[in-house]
Amino acid sequence: MSTKIILSSDGLPLEKSLKKAERKNKIRALLLVAPLFFFILIIFVFPLVDMLFKSVDNRMITEMLPNTFTALEKWDGKELPGEDVYEAFYNDFYPLAKDKKSGKLFQRLNYEKSGFSSGLKKTNKLILNFEKENYKEQFINAHEIWNNQDYWLAIKNSSSKWSYSKYLKGIDLELDQQKKIVQVEEEKSIHVLLWLRTLKVAFWVTVCCFFLSYPIAYLLATLPMKYSNILMICVLLPFWTSLLVRTSSWMIMLQQEGPINNTLVWLGLFTNENKPELMHNMVGTFVTMSQILLPFMVLPLYSVMKNIPSSLMKAGKSLGGTPFMSFMKIYFPLTIPGIGAGCLLVFILAIGYYITPALVGGASGTLISNVIAYHMKYSLDWAFASALGTMLLVGVLTIYWIYHKLVGIDNIRLG
Amino acid sequence: MKKISKLLLALSFVLSITSSAFAVTVVSFGGAYTESQKLGYGDPAAKKLGIPIDWVDYTGGLSEIKAQIEAKKITWDIIDVYAMDTIIGCDEGIFHEFDFDKDFYPAPDGTPASKDFFTDMPSKCAVGNILYSWIYAYNTKNVKGTPKTIEDFFNTKKFPGKRGIYKDALGNLEIALAGDGIKPGKGGKAIYDALKTPEGVERALNKFKTLCTDPNGGCVFWSAGAQAPEILVSGEVVMSTGWNGRFFKAAKVEGAPIVQVWDGQILDYEYFALVKGGPNYENGQAMAALKEMTSPEGLAGSAKYIAYAPWRKSSIEIMTKGEPWFNDGKTNMVPEMPTAPANTKSYILNDPVFWADNNTELQEKWEAMKAGL
Chain H
1 MSTKIILSSD GLPLEKSLKK AERKNKIRAL LLVAPLFFFI LIIFVFPLVD MLFKSVDNRM
61 ITEMLPNTFT ALEKWDGKEL PGEDVYEAFY NDFYPLAKDK KSGKLFQRLN YEKSGFSSGL
121 KKTNKLILNF EKENYKEQFI NAHEIWNNQD YWLAIKNSSS KWSYSKYLKG IDLELDQQKK
181 IVQVEEEKSI HVLLWLRTLK VAFWVTVCCF FLSYPIAYLL ATLPMKYSNI LMICVLLPFW
241 TSLLVRTSSW MIMLQQEGPI NNTLVWLGLF TNENKPELMH NMVGTFVTMS QILLPFMVLP
301 LYSVMKNIPS SLMKAGKSLG GTPFMSFMKI YFPLTIPGIG AGCLLVFILA IGYYITPALV
361 GGASGTLISN VIAYHMKYSL DWAFASALGT MLLVGVLTIY WIYHKLVGID NIRLG
Chain S
1 MKKISKLLLA LSFVLSITSS AFAVTVVSFG GAYTESQKLG YGDPAAKKLG IPIDWVDYTG
61 GLSEIKAQIE AKKITWDIID VYAMDTIIGC DEGIFHEFDF DKDFYPAPDG TPASKDFFTD
121 MPSKCAVGNI LYSWIYAYNT KNVKGTPKTI EDFFNTKKFP GKRGIYKDAL GNLEIALAGD
181 GIKPGKGGKA IYDALKTPEG VERALNKFKT LCTDPNGGCV FWSAGAQAPE ILVSGEVVMS
241 TGWNGRFFKA AKVEGAPIVQ VWDGQILDYE YFALVKGGPN YENGQAMAAL KEMTSPEGLA
301 GSAKYIAYAP WRKSSIEIMT KGEPWFNDGK TNMVPEMPTA PANTKSYILN DPVFWADNNT
361 ELQEKWEAMK AGL
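Quick note, the sequences are listed as chains H and S, same order. Residue 247 in my numbering is what sits at position 247 of the first sequence, and the numbering runs on without skipping anything. Residue 282 in my numbering is what sits at position 282 of the second sequence, and the numbering runs on without skipping anything.
Please note that the accuracy of each hint is not assured.
As the list claims (entries may be wrong) - The calculated lysine-lysine pairs, modelled on PhoX-like cross-linking and capped at a C-alpha distance of 25 Å, are:
(1) S/Lys124 to H/Lys122
(2) H/Lys122 to S/Lys304
(3) H/Lys122 to H/Lys226
(4) S/Lys304 to S/Lys291
As the list claims (entries may be wrong) - What the simulated footprint calls covered on chain H by chain S, stretch by stretch (three residues with Cβ under 8 Å from a Cβ of chain S suffice, anywhere in the stretch; the number is not a length):
(5) 106-114
(6) 327-337
Bear in mind the hints are in silico, worked out from the structure with no lab data behind them. All values derive from a computational prediction rather than experimental measurement. Every residue gets a Cβ at the ideal spot worked out from N, C-alpha and C, and that includes glycine.
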């Protein structure tokens with residue numbers, strides 16, 4: 001038995017002509033989503049890829065100093081390199097200095113080791129008058145950094161085109177002379193501590209938000225419309241207020257002579273001399289961040305609770321359950337999708353916060369995002385900032401993945 | 001009717017072209033600072049020369065002017081810059097190199113301009129504008145006795161209470177060593193020499209660690225300039241470091257009980273630089289405006305509106321003769337100047353080259369110290 005191919009009126013197989021007709025619709029549909037697709041591509045995907053790229057890209061320096069790196073390959077790093085290295089460095093550096101293109105190099109090498117900036121700047125001026133012999137002597141006379149093998153080691157260590165050293169630095173590790181991974185000096189190791197602190201703050205803020213939001217969301221979902229509308233406005237009004245306004249309002253509330261402390265003294269709970277410190281410590285960070293992120297927990301919880309019929313609790317009670325038991329066995333499990341969505345949302349927002357903790361957190365208010373902002377804006381070490389940003393992104397994705405494994409991502413409901 | 005409108009259009013076009021090439025564009029940091037520059041010497045210079053001066057805000061750094069040069073569309077004539085940027089800009093050929101004595105007015109007594117500056121310029125492309133100061137101040141209501149020296153800032157036995165401190169390492173490490181007994185003298189070279197050694201840095205960090213962990217002391221870190229006088233007035237801290245212009249405003253204009261201590265102050269500075277190839281570079285009008293603005297009378301003018309010191313020594317003389325110099329008509333400004341003789345018995349001159357080299361590393365150590373508090 002053989003199957004006959006069904007032909008359409010124009011002689012083409014039916015399957016083909018059907019596809020042809022559908023293709024038009026597909027293209028139309030694609031054109032409709034194309035603007036959004038390109039928007040996401042340009043605004044979101046490209047910068048992310050660029051960030052990943054920047055964090056490992058080391059080509060600027062390898063392109064600027066190719067001869068030097070070749071010459072340094074044979075150098076063992078035990079004492080000052082030989083004349084050939086100095087000559088290679090002269091050949092690389094002289095054209096840059098002549099065309100006034102060496103500015104980027106100063107900054108880039110100064111990230112590797114402090115002191116490069118002024119050393120190179122001075123050399124930059126003098127190199128134009130160097131004689132074409134005895135390079136080593138002339139460099140050493142130009143600036144003392146060239147008489148110190150540590151600086152040559154720093155150059156040698158940045159010789160690969162692609163480098164993961166910024167990621168190592170992000171967790172307080174570095175490559176030593178033998179390219180082994182070691183801890184950085186204790187007085188400079190700061191990042192691990194900041195990562196842990198960031199996680200700690202985000203975790204406790206999420207916990208605070210959860211315990212504060214649950215009753216609010218429950219009231220919102222169960223009160224008669226008349227009251228719940230007013231309550232809803234109370235939740236949404238701060239949500240619409242600028243972040244900085246809310247943070248500075250908290251600064252006024254929490255300060256040493258602020259309304260909260262004055263009330264506590266007036267009530268006789270504390271004397272004027274030992275008022276509690278509510279700001280410039282972790283307390284301030286938790287209070288302010290919890291309040292600011294509260295709506296992100298309330299709203300998903302509310303939308304889930306709104307859809308739980310009140311008859312379920314009644315049914316539980318009628319079957320002999322105590323209020324507590326019927327809550328735990330019926331109501332609470334039904335709200336888990338909302339809890340998941342709220343907690344994930346608050347945690348992810350909290351992990352990237354930095355303005356609020358910087359203002360109310362005092363010495364403890366520096367989080368990993370502050371370091372990223374610092375390197376983006378002030379030290380201009382964008383590679384390191386990108387590496388930290390990537391690590392933060394990976395961290396968030398990991399949390400997302402863990403949540404998926406534990407609860408299941410399909411369980412999340414925002415409404 | 002149609003003709004008239006065409007004529008008007010043509011006229012406005014011509015006017016817009018001439019006025020845009022005509023006005024000299026000066027770029028500065030905005031706020032009360034730019035206001036003092038505009039009222040103090042910008043407007044008078046514009047009036048005298050008949051050249052309008054436009055003021056534009058920016059946030060510092062050379063990236064914007066570099067972009068303009070790369071695009072071959074330079075719109076800025078004069079830029080208010082940090083010391084470091086004048087050095088880089090000069091090396092990279094962005095700025096015009098001055099001949100100070102020829103390009104700028106001498107002092108009224110005939111002293112050439114280069115001898116009339118507070119100290120030497122960091123490069124040939126910079127002409128001084130103001131000097132401001134990082135100092136500390138205290139709230140007279142909350143401090144018993146009178147702190148007089150930089151050591152007193154760290155003395156929690158004599159003056160118990162919390163201290164307000166700038167959040168970054170810059171400026172703090174210097175005063176820590178000054179407070180620990182290294183005499184700054186005139187300029188603080190000894191302090192920067194000490195900070196170039198690891199021991200010196202550790203000593204400075206330990207000084208702050210001791211202060212911040214002391215039960216009689218403690219630290220509150222500030223980040224924005226307005227915060228320093230605010231935490232002093234609110235009683236959050238008993239003493240705080242800060243910028244003298246901010247303390248002046250709080251104390252003299254707003255009447256807060258704040259007193260500044262000038263011992264061990266850090267002098268920091270701002271400069272003007274002239275952009276090579278700017279819109280009014282060839283016709284000389286940018287230079288003419290700059291010459292007027294940085295004249296002894298011009299620089300003295302800005303001190304009518306803000307407590308930052310003019311770079312010219314002779315400006316101070318002009319102010320002394322014209323006291324009360326402040327625009328409220330009753331405040332003497334010379335004693336409020338960071339460069340006044342009474343205020344410069346012992347001071348540190350900010351070293352931009354040192355910070356360009358070491359900022360990243362010292363900032364890391366500073367953050368590590370703060371994290372351990």
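field: 25 Å limit on alpha-carbon distance, applied to hinted pair S/Lys124 and H/Lys122
entry: With Cα atoms ~16 Å apart, S/Lys124 and H/Lys122 stay inside 25 Å; holds.
message: Run the distance test for S/Lys304 versus S/Lys291: straight-line Cα separation, threshold 25 Å.
response: holds, 19 Å
message: What's the verdict on H/Lys122 and S/Lys304, does the C-alpha distance respect the 25 Å limit or exceed it?
response: Violated - the C-alpha atoms of S/Lys304 and H/Lys122 are around 40 Å apart, more than 25 Å.
- prompt: Three or more residues of the segment 106-114 of chain H near chain S by CB distance under 8 Å?
  reply: holds (count 3)
message: Please verify whether H/Lys122 and H/Lys226 have alpha carbons no more than 25 Å apart.
response: Since the Cα atoms of H/Lys122 and H/Lys226 sit roughly 74 Å apart, the hinted pair is violated (cutoff 25 Å).
- prompt: Do three or more residues from the segment 327-337 of chain H put their C-beta atoms closer than 8 Å to C-beta atoms of chain S?
  reply: Result for this restraint: violated, n = 0.
In this structure, the earlier hints numbered 2, 3, 6 are contradicted, and the remaining ones agree with it.
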